[in-house]
Amino acid sequence: MSAAVEATHLTVSYDGRAALVDVTFALAPGHVLGIIGPNGSGKSTLLKATAGLLQPHSGTLRVFGKPPTALPPGAIAYVPQIEAVDWSFPATVRDVVAMGRFPKLGRFRPFSDRDRQLIDSALDAVEIRPLEHRAIAELSGGQQQRTFLARALAQEPDLYLLDEPTTGVDAATEAALLGVVREIAAAGKPVMMSTHALERAAEWFDRLLVLDTHQVAEGSTAEVLAKHVHLGTFHVHGHHKP
Amino acid sequence: MTIVDALLAPFAYGFMVRAFVAAIVVGILCSVVGCYVVVRRLSFIGDGIAHASFAGIVVAYLRHLDYYVGAAIMAVATALGIGFVTRHGKVSMDTAIGVLFTGAFALGVFLMSQVKNYAVDLQDYLFGNILGVSQFDLMLTLALSAIVAIALVFLWRDLLYTSFDPVVAQTSGIPTARVDYALLVLLALTIIVSLESVGIILVAALLVTPAAAAFQLTRRLPTMMLLSASIGAFCAVAGLYLSYYVNAASGATIVLLATLCFFVALAIGRRAQGPI
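Quick note, the sequences are listed as chains A and V, same order.
Going by my numbering, the first sequence opens with residue 1, and the numbers climb by one from there.
Going by my numbering, the second sequence opens with residue 243, and the numbers climb by one from there.
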């Protein structure tokens, strides 16, 4: 099977410095890739480049065989960290999830019954349907994260990019997110997800990519964990965000 | 005099009819566009663009051109300049606004100080003179307002997504840079339309206050826009009546009413959000 995402000697600059240097990996459809490393190690940079938000400085990055920006709108769902937006924005949970349909609908096409069903099932999948009419200003961190993931699900993308979705969320949300991510993979869609928590890496990820600006390790989760037992130190040394 | 007489009395004059139409249109337009100003936290942009347009008005005055044209060119240029400096310079938008607006306003003051006896109507643009709205001004106001309104409808999804989550909007195929520039130009046009009614000094209040009041009362953008437009229209009409009967500056009266509405909304909003 051809790779869904393929990076070859990928180097990406961000704010005038090399944030990611010489990274090579391939991700098959239906697999979840965990991107692990301390803060500033290039995790977010890799996700942004894969989303088409940053251009490679050198090397190549292909998503379904094309540069990310050459894909049709909505093909990639990028889920940023929840701090990336202002949650006092006047919108309900459902309003935000509905934005996931915008790439397919364009400027004017009204929501069809199918669009509404997709929004409903996205809300159900992350278990926030009861909150659909709640103002997003009133959500907890976990509920914000669920809303973001629901928006991505409603988008029906071919690739999911999740930037530290487990940061700042409660245990119940983390469990719910894990369930959804594994379902996405079971449905044959590829997922790339950054994290600094390794405790349950074997449950979350099929493959791991360890970054420290350069590529430290890449392979199946079992392989990487076995070879790099010291990886747990990322967490112990408190590299995660406060 | 009955209440009906009191309400109808101002309409005996053609200039009052034009003033009411202009005030309502400007009140609604500023209040709707102002919702984006408030949710994007750009409260100083109205001040910035309006003050910058002053230089355009002075140049138009010196060259005997139409003030509207001078103000519009300067306002749009400043709006685009703010967008460009924010995007390409290493400064935040409020810094870009601060630099460009004071620079352009200083240019206006500099040019004006070269004029020996500048006419009073230049001052009208600082404080507004809604009673001086001519038939031509009114037509221009209506035409520009229609353009802004149509653009807001056309760009509804782009503006909504870009305002809430610009990064994901970009990955969703929305041309966020162009949407941001478009909003800045729409803001500039809105301000130009409003200059004659409320003046350079106070137009920013109409862009922020009704929308900020509406924000206290709702948590959805379309509802916020409807509420804001209602508040803006009410303040425009009530303010104009009040200024007619107490013989006060109309722009200031409208803005003062809007400020009052904001504090009422704040009180209602706080109460509604209190413990159940």
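Note that these hints are calculated values from the structure, not bench results.
We put the CB at the ideal spot given by N, CA and C, even for glycine.
Hints may be right or wrong, so weigh each one.
[Claimed, not checked] A partial selection of chain V residues facing chain A, derived with a Cβ cut-off under 10 angstroms: (1) Ser376; (2) Phe378; (3) Arg462.
[Said to hold, decoys possible] Examples of chain A residues lying across from chain V (beta carbon under 8 angstroms, computed): (4) Leu54; (5) Ala70; (6) Pro73; (7) Gly74; (8) Tyr78; (9) Gln81; (10) Phe89; (11) Pro90; (12) Met99; (13) Pro110; (14) Phe111; (15) Asp124; (16) Ala137; (17) Leu139; (18) Gly141.
Taking the hints in turn, this is what the structure says about them:
1. Ser376: violated, 37 angstroms
2. Phe378: violated, 34 angstroms
3. Arg462: holds, 6 angstroms
4. Leu54: It is violated, given that the least Cβ distance between leucine 54(A) and chain V is near 11 angstroms, above 8 angstroms.
5. Ala70: violated, 12 angstroms
6. Pro73: holds, 3 angstroms
7. Gly74: Hint on glycine 74(A): holds, closest Cβ of chain V at ~6 angstroms, below 8 angstroms.
8. Tyr78: holds, 5 angstroms
9. Gln81: violated, 10 angstroms
10. Phe89: holds, 5 angstroms
11. Pro90: Status holds, d = 5 angstroms.
12. Met99: holds, 5 angstroms
13. Pro110: Given a least distance of 11 angstroms, the restraint on proline 110(A) is violated.
14. Phe111: Nearest chain V Cβ about 11 angstroms off; hint violated.
15. Asp124: This hint is violated: aspartate 124(A) lies away from chain V, its Cβ roughly 22 angstroms from the closest one there, beyond 8 angstroms.
16. Ala137: holds, 6 angstroms
17. Leu139: Hint violated; leucine 139(A) Cβ to chain V Cβ min 11 angstroms, cut 8 angstroms.
18. Gly141: violated, 16 angstroms
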